[in-house]
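Protein chains: 2
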Amino acid sequence: MQKDSNSSDPLNSIRVRHRKRSTEAPPDATKPNGSKLLVNDRNKYKSMLIRTYSSIWMIGGFVFIVYMGHLYIWAMIVVIQIFMAKELFNLLRKANEDRQLPGFRLLNWHFFFTAMIYTYGRFLSRQLVNTVTSDKLLYQLVSGLIKYQMFICYFLYIAGFVWFILTLKKKMYKYQFSQYAWTHMILLLVFAQSSFTVANIYEGIFWFLLPASLIVINDIAAYFFGFFFGRTPLIKLSPKKTWEGFIGASITTIFSAFVLANILGRFQWLTCPRKDLSTGWLYCDPGPMFKPEHYSLTGWVPQGFPWKEVRIMPVQWHALALGLFASIIAPFGGFFASGFKRAFKFKDFGDSIPGHGGITDRMDCQMVMAVFAYIYHQSFVMSQSFSVEMILEQILRNLSFEEQHILYMELGKIFHERQLMQ
Amino acid sequence: MQKDSNSSDPLNSIRVRHRKRSTEAPPDATKPNGSKLLVNDRNKYKSMLIRTYSSIWMIGGFVFIVYMGHLYIWAMIVVIQIFMAKELFNLLRKANEDRQLPGFRLLNWHFFFTAMIYTYGRFLSRQLVNTVTSDKLLYQLVSGLIKYQMFICYFLYIAGFVWFILTLKKKMYKYQFSQYAWTHMILLLVFAQSSFTVANIYEGIFWFLLPASLIVINDIAAYFFGFFFGRTPLIKLSPKKTWEGFIGASITTIFSAFVLANILGRFQWLTCPRKDLSTGWLYCDPGPMFKPEHYSLTGWVPQGFPWKEVRIMPVQWHALALGLFASIIAPFGGFFASGFKRAFKFKDFGDSIPGHGGITDRMDCQMVMAVFAYIYHQSFVMSQSFSVEMILEQILRNLSFEEQHILYMELGKIFHERQLMQ
Numbered sequence: 004m005q006k007d008s009n010s011s012d013p014l015n016s017i018r019v020r021h022r023k024r025s026t027e028a029p030p031d032a033t034k035p036n037g038s039k040l041l042v043n044d045r046n047k048y049k050s051m052l053i054r055t056y057s058s059i060w061m062i063g064g065f066v067f068i069v070y071m072g073h074l075y076i077w078a079m080i081v082v083i084q085i086f087m088a089k090e091l092f093n094l095l096r097k098a099n100e101d102r103q104l105p106g107f108r109l110l111n112w113h114f115f116f117t118a119m120i121y122t123y124g125r126f127l128s129r130q131l132v133n134t135v136t137s138d139k140l141l142y143q144l145v146s147g148l149i150k151y152q153m154f155i156c157y158f159l160y161i162a163g164f165v166w167f168i169l170t171l172k173k174k175m176y177k178y179q180f181s182q183y184a185w186t187h188m189i190l191l192l193v194f195a196q197s198s199f200t201v202a203n204i205y206e207g208i209f210w211f212l213l214p215a216s217l218i219v220i221n222d223i224a225a226y227f228f229g230f231f232f233g234r235t236p237l238i239k240l241s242p243k244k245t246w247e248g249f250i251g252a253s254i255t256t257i258f259s260a261f262v263l264a265n266i267l268g269r270f271q272w273l274t275c276p277r278k279d280l281s282t283g284w285l286y287c288d289p290g291p292m293f294k295p296e297h298y299s300l301t302g303w304v305p306q307g308f309p310w311k312e313v314r315i316m317p318v319q320w321h322a323l324a325l326g327l328f329a330s331i332i333a334p335f336g337g338f339f340a341s342g343f344k345r346a347f348k349f350k351d352f353g354d355s356i357p358g359h360g361g362i363t364d365r366m367d368c369q370m371v372m373a374v375f376a377y378i379y380h381q382s383f384v385m386s387q388s389f390s391v392e393m394i395l396e397q398i399l400r401n402l403s404f405e406e407q408h409i410l411y412m413e414l415g416k417i418f419h420e421r422q423l424m425q
Numbered sequence: 004m005q006k007d008s009n010s011s012d013p014l015n016s017i018r019v020r021h022r023k024r025s026t027e028a029p030p031d032a033t034k035p036n037g038s039k040l041l042v043n044d045r046n047k048y049k050s051m052l053i054r055t056y057s058s059i060w061m062i063g064g065f066v067f068i069v070y071m072g073h074l075y076i077w078a079m080i081v082v083i084q085i086f087m088a089k090e091l092f093n094l095l096r097k098a099n100e101d102r103q104l105p106g107f108r109l110l111n112w113h114f115f116f117t118a119m120i121y122t123y124g125r126f127l128s129r130q131l132v133n134t135v136t137s138d139k140l141l142y143q144l145v146s147g148l149i150k151y152q153m154f155i156c157y158f159l160y161i162a163g164f165v166w167f168i169l170t171l172k173k174k175m176y177k178y179q180f181s182q183y184a185w186t187h188m189i190l191l192l193v194f195a196q197s198s199f200t201v202a203n204i205y206e207g208i209f210w211f212l213l214p215a216s217l218i219v220i221n222d223i224a225a226y227f228f229g230f231f232f233g234r235t236p237l238i239k240l241s242p243k244k245t246w247e248g249f250i251g252a253s254i255t256t257i258f259s260a261f262v263l264a265n266i267l268g269r270f271q272w273l274t275c276p277r278k279d280l281s282t283g284w285l286y287c288d289p290g291p292m293f294k295p296e297h298y299s300l301t302g303w304v305p306q307g308f309p310w311k312e313v314r315i316m317p318v319q320w321h322a323l324a325l326g327l328f329a330s331i332i333a334p335f336g337g338f339f340a341s342g343f344k345r346a347f348k349f350k351d352f353g354d355s356i357p358g359h360g361g362i363t364d365r366m367d368c369q370m371v372m373a374v375f376a377y378i379y380h381q382s383f384v385m386s387q388s389f390s391v392e393m394i395l396e397q398i399l400r401n402l403s404f405e406e407q408h409i410l411y412m413e414l415g416k417i418f419h420e421r422q423l424m425q
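Protein chains in written order, with my numbering: chain A, 4 to 425; chain B, 4 to 425.
Don't take every hint at face value.
When chains are identical, the list treats them as one kind, so a pair holds in a single copy or across two.
Straight-line C-alpha distance at most 25 Å; calculated SDA-like pairs for lysine to any residue [unchecked claim]:
(1) K348 <-> M61
(2) K49 <-> L110
(3) K150 <-> P317
(4) K177 <-> K294
(5) K278 <-> I417
(6) K150 <-> R277
(7) K177 <-> L423
Hints listed in this document are in silico derivations from the structure and should not be mistaken for laboratory results.
None of these values were measured; they are calculated from a predicted model.
Work out the full structure, taking the sequences as your base and the hints as a guide.
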């Protein structure tokens, strides 16, 4: 479309572009030459200051929560989730139409908590099983919850569904159905992200912290590279993003991934998976993934070079894949959010964080990343094959202690017979 | 209810019933009084004829497919799914806007097939593993597919996501984002339903056939009860539905559920679960669920009564729950569809079935029902037949020797930890 108008009337299109530029920048900004459109902008400095200040607070709080442990990180995820849902629910509603539908917002939150019980319920009870195996009564309660959790969630969902239908109001149908659809989209988005994130945390904080940090690093690097060198607009959706920022950030992120994985990989607090809900100290065998391997540099570096070998953890190679994804694909989460904002004509998803906009504005790329990290970890890192894990879960879930023991003895017998045969 | 209307005005109800029998012929029914707004309607007769005719064809084809077996039913589900997606995709698009977005429809189908690989992939490969355990190479191929299936699907999804963002066109943002959201809603709806349905089929055709039949019975009964006795409108969303139809249908459905479960429960073809992809004959121990229990009627019936006892399968009590759901809650699926049609101002979702509208129009309640049947079966039926032997069989069938050993060690570790705790 735009191409057409360019070719049909190039002069006009240049004029249009020029006029647009001067509206975005303050009217008195000096323009040394036309190509440096993104380097000089007075507002940039003020907004950068605010943004830096709240970024520091966020990062500090984040580090403290990570130090506190799995359960606290989970709680943080839930809080973020509630804020995001709130921002998104608010976004698309029309106050005047809502006034005629008492209790309609409540329905959104009913679905929200149903989704929460669904996504976290199973996970929570599996962790609980490991936490309280000694108490038989609690074990049975938890088993019951696991067993009927799906049914309970379905029941709650259907209750909301029936409620929705019974409160349909003439002339409001279209608004109500659109809201219903959006509620589902929002919940899908918010819970897909956060349930994967929580799963990552319990596989080892490493698998949450590294991807999340890479996104932050990429964002910050893109911001600064764009700030100082940005000239060439990257994509129409986000006029502030530049190729210089994108490429600079990519290199920074991939390099950081490799280094950061080595640093984070040294702490058992971060690398050990946690199978229960306790918050105490963690000890485990980190496994071969985090055992440094020695690579000789002889022949690769000049004679006088101080290092004769490097020690690289295998996990660092995986970190490269995460870095690549964080810098190349994850930004599309941001483009998506930008496009969405433009489509529905608003600037930010909210105003919770000064200089950043809403929580959702900060989470756009994190979401894409968390899902990738989870699936990457499941597919390429987890040493145990998936099927063993699945069957083990089935055993712990569905069999009583006695039955589990019978199964164990049976398996032992079979192995014994096999050995006799060989 | 039927009794009520009979007793209140026997003559009239006979008259109505008589008129109805001749319904299939003359379209010149006279209108006795104004309050019977739903009993007399000239178009009703013609549409009823068409509808009956195509219903018979559908039911015939359906019975044949069920006779052919699991794989064929699955194929039918997939065909229905494709038609539904097609109808729904068509519904909300605007032809004039699509013309400016070449390849945009293709994206919908890209997501559709990604969802298909995701929902069926895991299921399919699990069944394949059981089909071909003897062939080591194929086994390894299938294991690989299982292991990387999630990653492949994620990759495909992200490819579509990036494609979407790169093809965003100025001034079309809102349309494109809405389409994107609707695509997700449609896929969620279509695949939630069908993946649960396919799971039901392989748990035993019984668990697919009974719920699906109950919906059909409820639909037909509501139609006829409404046709003959319908006076009191039930809900504004569907002006053709009446309380008489609803209540008459409920009683019919619950009764049918109890009887039908007994009939279907006698065929091993329907009750045995299938663990592989073959289509041959099925033999199994149907389990206690399908073993008739004797209930003595002495003391409950008069002396001369011919039956002294009844034989009831335990599954029949479960069938009552399914019948209750099919008649009370599942119709809300229909109300939802009606409301949706009114909200967006169209009559039918499509025109694939003469007299019925689109496939989607026939599937609205089936969807709600299939999900319920699956969750009900998982929560209240399956657990009873879940035994050590079944899991042991799974282990020996699905895991390699190494994996079996890992599982054994893991179990041992868990027992050891448990003992330490006590």
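Consistency of the hints with the structure:
no.: 1; hint: K348 <-> M61; verdict: neither (28 Å within a copy, 48 Å between copies)
no.: 2; hint: K49 <-> L110; verdict: neither (41 Å within a copy, 42 Å between copies)
no.: 3; hint: K150 <-> P317; verdict: between (39 Å within a copy, 21 Å between copies)
no.: 4; hint: K177 <-> K294; verdict: neither (58 Å within a copy, 50 Å between copies)
no.: 5; hint: K278 <-> I417; verdict: between (29 Å within a copy, 11 Å between copies)
no.: 6; hint: K150 <-> R277; verdict: both (23 Å within a copy, 23 Å between copies)
no.: 7; hint: K177 <-> L423; verdict: neither (61 Å within a copy, 61 Å between copies)
Going through the hint list in order, the structure does not satisfy hints 1, 2, 4, 7.
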